[in-house]
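In numbering that gives the first Met the number 0, the protein residues as written are 0 to 423.
For the record, the hints were derived by calculation from the structure and aren't laboratory data.
Treat the hints with care, since some could be wrong.
Pair ranges (Cβ atoms, derived) [claimed, not checked]: (1) Gln-82 / Gly-225: 11 to 21 Å; (2) His-264 / Ala-315: 34 to 44 Å; (3) Arg-35 / Arg-11: 22 to 32 Å; (4) Arg-175 / Thr-352: 25 to 35 Å; (5) Gly-105 / Lys-205: 23 to 33 Å; (6) Gln-394 / Pro-214: 41 to 51 Å; (7) Ser-279 / Gly-110: 32 to 42 Å; (8) Ile-260 / Lys-205: 49 to 59 Å; (9) Asn-241 / Ser-63: 23 to 33 Å; (10) Lys-205 / Arg-48: 51 to 61 Å; (11) Glu-337 / Asp-137: 28 to 38 Å; (12) Ala-357 / Arg-23: 33 to 43 Å.
Straight-line distance between alpha carbons at most 27 Å, and here's what the computed BS3-like set of lysine-lysine pairs gives [to be verified]: (13) Lys-304 / Lys-205; (14) Lys-379 / Lys-348; (15) Lys-304 / Lys-242; (16) Lys-242 / Lys-379.
We treat Cβ as the ideally placed atom computed from N, Cα and C, and that holds for glycine.
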Amino acid sequence: MERLLAAIDARRDALISLTQDLIRIPTVNPPGENYRDICDYFARRLGPRFEISLLHAEGTPGDSPRYPRWNILARREGARPGQCVHFNSHTDVVEAGQGWTHDPFGGALVGGRIYGRGTCDMKGGLAASIIAAEAFIDTFPDHDGAIEISGTVDEESGGYGGVAWMAERGYFSPGRVQHVIIPEPLHKDRVCLGHRGVWWAEIETKGRIAHGSMPFLGTCALRHMGAVMGEIEHRLIPALSNKTTAMPVVPEAARQSTININSVHGGQPEPEPGSTGLPSPCVPDSARMIIDRRFIMEESLAEVKAEITDLLERVAHSREDFRYSVRDLFEVLPSMTEPDSPVSTALTKAIGTVLGRAPEYVASPGTYDQKHIDRIGRLKNCVAYGPGLLELAHQPDEYVEVDDMLDSAKVMALALHDLLNGPA
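Could you build all of it, start to finish, from the sequences and the hints given here?
Below you can see the structure in the form of structure tokens.
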């Protein structure tokens, strides 16, 4: 294995330049910019060693002639039949936002760190997986089995134009792919086995419009919503804090059920910027709230939804003329791979070799594309492993450490060897 590790060390400059190239393609989602450009870049980079497929997820959310949902899949068949190891990374990044001291799409190398939107989440991990695969292929050109690398879109907005679309078409079926590593930024000494579940919903409280000078002739939907928020604050949140999980979720505070109020809208629309007009005197007849409920494996989705329905019914019994509706927006069940699964075992051994210590097994507080590989692809042997600190994701001055990428590339390359050719 010394030859393989040396081959990765020799690619340090290549790893830096690859990561910088990826950052300089601003694949911002929404709306989904430059997806085809980054696929074309990968096609040129991986073409000499892999068979390339460009995949357009037509008709998926956000897909349009201006912002088409392009994914790329690179596959290399080995000298002999065997199992397939797949590295999946999302190519989309969130908006840069404010507060940067470095160009968010410049890829500056400063003090051993590369700065830019997506360095941590997750183009640094993508670059590390490519370097790992290239070094492995050049060191063991007659390897068994197959290697795949995919760059998929829209993970930041649910993954429906990327991994979900591919899974629905069999690209992640267990007969085709046996091991999946997703280089999300959980740090180089952690193996992420899965994630909590999520339910997003819109709650609407309904009232009756009336003149603001005579509110007693109407019903204020915002006051109704205030009562709902009071129930969430004083009854539901304390109850959720007592629901804890055996899942190794990080950080520690996320090892319980949580709810977040994403937004509240009610009454008249906000005036246009620069408007000097005054609002008209009306009792609001509708208020809407978006909730983000994160739940654990010990809960069922039906139980999670029933809690909200029960809460709303309690409010209905205490308030006159209280009417409501609930609309599902997004739901994902919790997912967990066993720590003794083949892909976890291979990464554990590799982390021990490279870093000299056993990994920490964790679960993510939020979801990522493992959800689609598990539920749609029916492939359980999937984990997240990659460089970077999760706390830096979506932050200004996001960065990834070059040394962390290099170590992670070594871990992925050693795991790739064990999964394809058997333990050394």
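Here's how the hints hold up against the structure:
1. Gln-82 / Gly-225: 11 to 21 Å: violated, 57 Å
2. His-264 / Ala-315: 34 to 44 Å: violated, 21 Å
3. Arg-35 / Arg-11: 22 to 32 Å: About 30 Å separates the Cβ atoms of Arg-35 and Arg-11, which means 22 to 32 Å holds.
4. Arg-175 / Thr-352: 25 to 35 Å: About 29 Å separates the Cβ atoms of Arg-175 and Thr-352, which means 25 to 35 Å holds.
5. Gly-105 / Lys-205: 23 to 33 Å: violated, 49 Å
6. Gln-394 / Pro-214: 41 to 51 Å: holds, 44 Å
7. Ser-279 / Gly-110: 32 to 42 Å: Distance hint for Ser-279, Gly-110 is violated at roughly 57 Å.
8. Ile-260 / Lys-205: 49 to 59 Å: violated, 19 Å
9. Asn-241 / Ser-63: 23 to 33 Å: 45 Å Cβ-Cβ, so the 23 to 33 Å window is violated.
10. Lys-205 / Arg-48: 51 to 61 Å: Check passed, 60 Å falls within 51 to 61 Å.
11. Glu-337 / Asp-137: 28 to 38 Å: holds, 33 Å
12. Ala-357 / Arg-23: 33 to 43 Å: Taking Cβ atoms as reference, Ala-357 and Arg-23 lie about 37 Å apart, which means the hint holds.
13. Lys-304 / Lys-205: holds, 20 Å
14. Lys-379 / Lys-348: Holds, at about 20 Å.
15. Lys-304 / Lys-242: Within the cut-off at roughly 15 Å; holds.
16. Lys-242 / Lys-379: holds, 26 Å
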